[in-house]
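Participant: Sequence:
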Amino acid sequence: MLRTQRFVMKSGERYVVLIDECTGIPHYAANLFITTQLRNASASYASMVAAAGHLTFLYRFLAVRNIDLVERCQTKAFLHSYEVDSLRDFLSYRFREWERCTVDPQLFTVEALLASRGVVHKDVLYSRLTTAKQYIVWFGRRFFDHLRPEPVALSQLGTQILALRPRHKGRNQHIIDRALSEREQALLAQCLELDAPSNPFGHDVRVRNRLMVLIEMELGIRGGELLNIRVSDCNFSNNTLLIARRADQVDDPRKFQPLVKTRERKLPVSDSLMAEVHSYIMVQRRTVRNANRCPYLFVTHKNGPTVGQPLSISAYQKVWDVLRSSVAELQAVTGHRLRHQWNHSFSKELDELPNPPTAEEQEQIRSRWMGWKEGSGTAATYNRRFIQAKADEVGLALQRKARSQKGECDE
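Everything in the sequence shown is counted per this note's numbering, starting at 52 for the first residue and increasing by one.
These are calculated hints, taken from the structure and not from any lab test.
Hints are not guaranteed to be accurate.
[As the list claims (entries may be wrong)] Mimicking DSS-like on lysine-lysine, the simulated pairs with C-alpha atoms at most 25 Å apart in a straight line are:
#	residue 1	residue 2
1	LYS61	LYS399
2	LYS353	LYS312
3	LYS399	LYS424
[As the list claims (entries may be wrong)] Restraint ranges, calculated between C-beta atoms of paired labels, are given here:
#	residue 1	residue 2	range
4	ILE332	ALA453	53 to 61 Å
5	VAL334	GLN368	19 to 27 Å
6	GLY355	VAL175	14 to 22 Å
7	GLU233	GLY446	41 to 49 Å
8	PRO407	SER365	50 to 58 Å
9	GLU233	ARG57	49 to 57 Å
10	GLU269	ALA92	23 to 31 Å
A virtual CB, placed ideally from N, CA and C, is assigned to each residue, including glycine.
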């Protein structure tokens with residue numbers, strides 16, 4: 052069995068290794084794969100962590116089935132068809148609840164235990180099978196002369212594994228509305244009032260949590276961008292906020308570093324929102340122990356070993372967990388949905404202008420604010436409700452026009 056371990060290098064680079072639980076030392080082949088095939092290919096830290104997790108599941112399967120991958124490769128007797136099917140089934144199970152379970156084969160099979168825990172989403176299974184195929188084929192190639200064609204059975208095995216991945220159907224998909232409804236917006240605003248009885252947070256973090264949600268709501272930035280904001284990024288002289296890319300930042304102690312996936316940009320901020328940022332820095336934040344030594348805007352307020360350190364991704368997610376659990380109608384609300392809401396409001400604002408920009412100009416404006424590459428098509432993903440509403444409006448107009456023309460012909 053393998054387990055993952057994350058750490059931060061002296062250079063600030065985040066990395067992950069796979070440890071053999073029996074020996075307590077790094078697993079040579081699995082870590083070589085992560086390094087040569089992912090890290091050296093400039094894959095993101097999140098991609099490496101995900102692939103490492105997928106490899107732990109693959110090795111669990113090999114252990115359960117008593118498959119020695121080295122012996123199989125040496126004899127060119129790779130996985131059989133029924134084993135590939137079993138691999139697909141095994142990787143479809145949820146493993147979180149099985150982390151510390153001991154399995155007695157006399158009572159039940161491993162598959163029965165795992166199946167009782169449910170299955171993962173098809174996108175997760177797709178990723179797991181993709182990583183499994185890449186690793187098994189890469190592992191097998193190490194046993195053969197690279198100057199000669201690889202065994203046909205090995206390439207066929209890779210094709211067979213990929214063929215079992217769930218298909219992504221792009222047709223007839225219902226457009227999912229991810230922008231907040233008016234009811235959800237009203238309830239969220241009500242919960243964030245500092246003196247509201249419905250506010251689920253303790254008094255020491257109410258200002259901080261309210262400010263985080265307001266920044267996401269009014270600027271439409273991602274959660275990683277929010278947690279990456281430093282105090283120095285806030286320019287109070289001209290009311291702007293810098294969204295900067297800082298991968299592998301040395302002074303960031305978080306092992307799972309929040310990253311800015313979009314382009315670096317400066318966003319203008321309203322006077323009222325900037326005033327709340329300034330107030331938080333000068334009043335609530337300065338009372339937190341060790342916060343004066345932390346360059347990041349949002350810090351941990353709770354006393355403990357991490358007090359005054361940058362707020363972690365898990366702590367940010369807990370804020371939304373508390374909000375969702377406090378009000379039943381907010382159970383589907385997430386921080387990322389505020390980004391969709393911002394785009395919907397942005398579309399309505401542009402459409403209501405006396406001389407609205409063209410579709411191409413609107414996409415350029417939106418992409419600049421969101422930090423997207425122009426022409427990437429990402430705007431449509433975050434603007435589905437507005438696009439659907441405009442399509443419905445045009446469709447109804449065409450129907451009315453067709454009926455009016457039919458009436459004229461009948462006369």
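Participant: Of the numbered hints stated previously, which ones are contradicted by the structure, given in increasing order?
Facilitator: Violated hints (numbers, rising): 1, 2, 6, 7, 8, 9, 10; every other hint is consistent with the structure.
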